[in-house]
Amino acid sequence: MRGTGNTRMTFQTFIFYFLSTVLVVAALGVITARNPIHAALLLVLAFFTSSGIWLLLQAEFLAIALVLVYVGAVMVLFLFVVMMLDINIAKLREGFWRYLPLGSVVALVLVVEMSMILMHRSGGFGDVPMPPSLPAGYSNTKELGLLIYTEYVYPFEIAAVILLVAIVAAIALTLRKRKLSKYMDPSAQIGIRRKDRVRIVTMASEDRQDTKESGKADGEGKSA
Amino acid sequence: MQYIDPLWPAYPEIFMLAMACVILLADLFVRDEHRGITYMLTQLSLAGCAVVIWMTAIYLNTGETMHTFSGMYVADMMSDVLKLITCFGVMSILVYARDYLAARGMFRGEFFALVLFAALGMMVMISANHLLTLYLGLELLSLSLYAMVALQRDSGTATEAAMKYFVLGALASGMLLYGMSMIYGATGSLEITRIASVIADDGAKNLVLVFGLVFLVAGIGFKLGAVPFHMWLPDVYHGAPTAVTLFIGSVPKLAAFAFVIRLLVQGLGTEEIQGHWQQMLAVMAVLSLIVGNITAIAQTNLKRMLAYSTISHMGFLLIGIVAGGLNGYASSMFYVVVYVLMNLGAFGMIMLLSRQGFEAENLEDFKGLNQRSPWYAFLMLLLMFSMAGVPPTVGFYAKFAVLQAIVEAGHVWLAVIAVVFSLIGAFYYLRIVKLIYFDEPADTAILAPRTDAGLLMSLNGIAVLAFGVFPQPLMTLCASSILASL
Numbered sequence: 005m006r007g008t009g010n011t012r013m014t015f016q017t018f019i020f021y022f023l024s025t026v027l028v029v030a031a032l033g034v035i036t037a038r039n040p041i042h043a044a045l046l047l048v049l050a051f052f053t054s055s056g057i058w059l060l061l062q063a064e065f066l067a068i069a070l071v072l073v074y075v076g077a078v079m080v081l082f083l084f085v086v087m088m089l090d091i092n093i094a095k096l097r098e099g100f101w102r103y104l105p106l107g108s109v110v111a112l113v114l115v116v117e118m119s120m121i122l123m124h125r126s127g128g129f130g131d132v133p134m135p136p137s138l139p140a141g142y143s144n145t146k147e148l149g150l151l152i153y154t155e156y157v158y159p160f161e162i163a164a165v166i167l168l169v170a171i172v173a174a175i176a177l178t179l180r181k182r183k184l185s186k187y188m189d190p191s192a193q194i195g196i197r198r199k200d201r202v203r204i205v206t207m208a209s210e211d212r213q214d215t216k217e218s219g220k221a222d223g224e225g226k227s228a
Numbered sequence: 062m063q064y065i066d067p068l069w070p071a072y073p074e075i076f077m078l079a080m081a082c083v084i085l086l087a088d089l090f091v092r093d094e095h096r097g098i099t100y101m102l103t104q105l106s107l108a109g110c111a112v113v114i115w116m117t118a119i120y121l122n123t124g125e126t127m128h129t130f131s132g133m134y135v136a137d138m139m140s141d142v143l144k145l146i147t148c149f150g151v152m153s154i155l156v157y158a159r160d161y162l163a164a165r166g167m168f169r170g171e172f173f174a175l176v177l178f179a180a181l182g183m184m185v186m187i188s189a190n191h192l193l194t195l196y197l198g199l200e201l202l203s204l205s206l207y208a209m210v211a212l213q214r215d216s217g218t219a220t221e222a223a224m225k226y227f228v229l230g231a232l233a234s235g236m237l238l239y240g241m242s243m244i245y246g247a248t249g250s251l252e253i254t255r256i257a258s259v260i261a262d263d264g265a266k267n268l269v270l271v272f273g274l275v276f277l278v279a280g281i282g283f284k285l286g287a288v289p290f291h292m293w294l295p296d297v298y299h300g301a302p303t304a305v306t307l308f309i310g311s312v313p314k315l316a317a318f319a320f321v322i323r324l325l326v327q328g329l330g331t332e333e334i335q336g337h338w339q340q341m342l343a344v345m346a347v348l349s350l351i352v353g354n355i356t357a358i359a360q361t362n363l364k365r366m367l368a369y370s371t372i373s374h375m376g377f378l379l380i381g382i383v384a385g386g387l388n389g390y391a392s393s394m395f396y397v398v399v400y401v402l403m404n405l406g407a408f409g410m411i412m413l414l415s416r417q418g419f420e421a422e423n424l425e426d427f428k429g430l431n432q433r434s435p436w437y438a439f440l441m442l443l444l445m446f447s448m449a450g451v452p453p454t455v456g457f458y459a460k461f462a463v464l465q466a467i468v469e470a471g472h473v474w475l476a477v478i479a480v481v482f483s484l485i486g487a488f489y490y491l492r493i494v495k496l497i498y499f500d501e502p503a504d505t506a507i508l509a510p511r512t513d514a515g516l517l518m519s520l521n522g523i524a525v526l527a528f529g530v531f532p533q534p535l536m537t538l539c540a541s542s543i544l545a546s547l
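Here the protein sequences come in this chain order: A and B. Our numbering applies: residue 5 is where the first sequence begins, and numbers increase by one. Our numbering applies: residue 62 is where the second sequence begins, and numbers increase by one.
Treat the hints with care, as some may be off.
Stated by the list, open to error - Chain B stretches covered by chain A per the calculated footprint, using a threshold of three residues with CB under 8 Å from any CB of chain A:
{"id": "1", "stretch": "108-114"}
{"id": "2", "stretch": "191-201"}
{"id": "3", "stretch": "208-222"}
{"id": "4", "stretch": "435-444"}
Stated by the list, open to error - Far from chain A, some chain B residues (derived; all Cβ distances over 10 Å):
{"id": "5", "residue": "L85"}
{"id": "6", "residue": "G97"}
{"id": "7", "residue": "P289"}
{"id": "8", "residue": "F461"}
{"id": "9", "residue": "A506"}
{"id": "10", "residue": "P534"}
To be verified - Between beta-carbon pairs, the in silico distance windows are:
{"id": "11", "chain 1": "A", "residue 1": "L106", "chain 2": "B", "residue 2": "V473", "range": "51 to 57 Å"}
{"id": "12", "chain 1": "A", "residue 1": "S24", "chain 2": "B", "residue 2": "I119", "range": "51 to 57 Å"}
{"id": "13", "chain 1": "B", "residue 1": "F439", "chain 2": "A", "residue 2": "Y187", "range": "53 to 59 Å"}
{"id": "14", "chain 1": "B", "residue 1": "K495", "chain 2": "A", "residue 2": "T178", "range": "41 to 47 Å"}
{"id": "15", "chain 1": "B", "residue 1": "E469", "chain 2": "A", "residue 2": "S119", "range": "37 to 43 Å"}
{"id": "16", "chain 1": "A", "residue 1": "V110", "chain 2": "B", "residue 2": "A545", "range": "39 to 45 Å"}
{"id": "17", "chain 1": "B", "residue 1": "V112", "chain 2": "A", "residue 2": "S191", "range": "39 to 45 Å"}
{"id": "18", "chain 1": "A", "residue 1": "R102", "chain 2": "B", "residue 2": "W69", "range": "53 to 59 Å"}
{"id": "19", "chain 1": "B", "residue 1": "A545", "chain 2": "A", "residue 2": "L150", "range": "33 to 39 Å"}
{"id": "20", "chain 1": "B", "residue 1": "L105", "chain 2": "A", "residue 2": "I19", "range": "57 to 63 Å"}
{"id": "21", "chain 1": "A", "residue 1": "L150", "chain 2": "B", "residue 2": "T361", "range": "55 to 61 Å"}
Hint data in this document are derived by calculation from the structure and do not stem from the laboratory. Every residue, glycine too, gets a C-beta built ideally from N, C-alpha and C.
Work out the full structure: start from the sequences and follow the hints.
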């Protein structure tokens, strides 16, 4: 969007188009890759390039958060899940080629219509003013922090509640007690008493008959 | 940047959130056989919330529109009325659902916590004055609903329904967000009142604005379940446990109505933009009436049939909004309140008929209900008559008010279509009445609901009749709330 106002090709415009091309190709790859691992890795690439675009928009904090949170944590977790689950890829992709012609026609029409509107001479994005460029020492992390805890505290709290609901839902949907799992209950383990495990049997003493035999009998007595 | 906005307009939300957290924690200490304690606590917090809404509206806010949280939250008469109805609606849902949940192993603390969080989400939506809070409230509601649908996790149909709901809901949220980002790009603000003033100054020449509007309307269509964005509705209604279907099919429509009013009417309500979205909504309304009423005829499952009937009711709701003006919006609000009342009764009846291990969700299960329990048969008759729009039930008056508004607005053809398809739709409602009164029962067990559920059902059925005979108080309430928030 940065280059639409002026026709001059600046270095920034070049980077923007480069990143956007990589982003679109990666996003296409996510949905067309046959292997879910490849799809997940391409998604990582998509996140990475979109964080580059955010950097161009001078939103450093968001760009870094995207890399740290999504690439670093979410996608790694995602890869774990994909690797651990035994997904039948062939079955999953059964309808893909069948619906591809219709889907691509619809997508193409959408793209053409959208670009027709957005690239329109008047009323499109050409009319939207460029954001003012920011001074050198400007910290948008600090600005974001100030806004989140003052002006945006209400949506911030609601977002927190949404996360709480996500936790409740995830636990309610996945936690179940397995009857077959073999595990020790630690509190039962430390709560054990001597009388639960050891039984002392008092027996009348027997006469010694033979050293060898009595030793054997003793051993039996102990093991009993 | 001082933070001096008053907190008191948001007391109901704060109370609800606090109670939801308390119940979430308190439930840990309740044993399974005493789960009724959690149930009572949930009912008490909903009732308490209703009291808080009432007190804030009467004593703190004296009838004027209040903005707080830097203009992100709005408290006006419409929000108070809708929130009160939401609280009472959720309370009745829990009363109807109690036995049903207990018989199916869903009478658990998480269910109640999710119900309260969903109610909180609806309240946030109803009071939103900012696209961000509107969206977050919607997500809070939807996320709780997805989880509630999937809560019966050993049931294949419920899981499938939850998956469909989740995927399509996420798609709809994506569309809404995309549309909202376009609106932000065109107006430079996310605050609804400021968007309205920017558009009023600018003259709404911006194409980007209209472009975003298309996506917003599509997202709204998904959430309301209007044709052509209705595909998820029958499957979700059918697959979800009936208690959850009752929830999805009733109170969230109040929040959806508030969503439409806040976003389209208050935010994008200037004449030129209004013309754009009126056309889109009119197309959706006509399609909903046609598809909803005709497809419902072919259904043998009552829950599916009611899903299609919901689609057609949403058509009526949209017609009221297309009509515009005080009359149109007020009749729409009246319609949605009546719709909630009728759906509560109809799905509540399905749950009264269900027992352990038996779902009374097919039309045959209603055969000969009159011989089994004449009183409940009569209540079901009232509910079905009201849905079909037979006088003197309230459904007739609701449809009448919408039609009157649309004819006044000059769209006679919309009124004609609505009437024709309501007549077609009357067939499948009356078929249930026929099954109840003129067929032999397959099952002769007499209905024995809990006392509170039975009483509430009677109240619900009688309310449908009473509001039909005396619609004026409710209509006045709707009209004055719309008038206060326009």
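Structure-based check of each hint:
1. 108-114: With 0 residues in contact (Cβ-Cβ under 8 Å with chain A), the coverage given for the stretch 108-114 of chain B is violated.
2. 191-201: holds (count 7)
3. 208-222: It holds, with 4 qualifying residues against the three required.
4. 435-444: Result for this restraint: violated, n = 0.
5. L85: 7 Å, violated
6. G97: At about 19 Å from chain A, B/G97 clears the 10 Å cut-off, so the statement holds.
7. P289: Holds, since 13 Å exceeds 10 Å.
8. F461: 39 Å, holds
9. A506: 33 Å, holds
10. P534: Given that every Cβ of chain A is farther than 10 Å from that of B/P534, nearest at about 34 Å, it holds.
11. A/L106 - B/V473: 51 to 57 Å: 37 Å, violated
12. A/S24 - B/I119: 51 to 57 Å: With Cβ atoms ~55 Å apart, the hint holds.
13. B/F439 - A/Y187: 53 to 59 Å: Once the Cβ atoms are compared, 56 Å apart, the range 53 to 59 Å for A/Y187 and B/F439 holds.
14. B/K495 - A/T178: 41 to 47 Å: 46 Å, holds
15. B/E469 - A/S119: 37 to 43 Å: Holds - the Cβ-Cβ distance for B/E469 and A/S119, about 41 Å, lies within 37 to 43 Å.
16. A/V110 - B/A545: 39 to 45 Å: 43 Å, holds
17. B/V112 - A/S191: 39 to 45 Å: Holds, at about 43 Å.
18. A/R102 - B/W69: 53 to 59 Å: 58 Å, holds
19. B/A545 - A/L150: 33 to 39 Å: 34 Å Cβ-Cβ, so the 33 to 39 Å window holds.
20. B/L105 - A/I19: 57 to 63 Å: Holds, at about 59 Å.
21. A/L150 - B/T361: 55 to 61 Å: Roughly 60 Å apart at Cβ, these two residues keep to the hinted range, so it holds.
The structure fails hints 1, 4, 5 and 11 (numbered hints given earlier, in ascending order).
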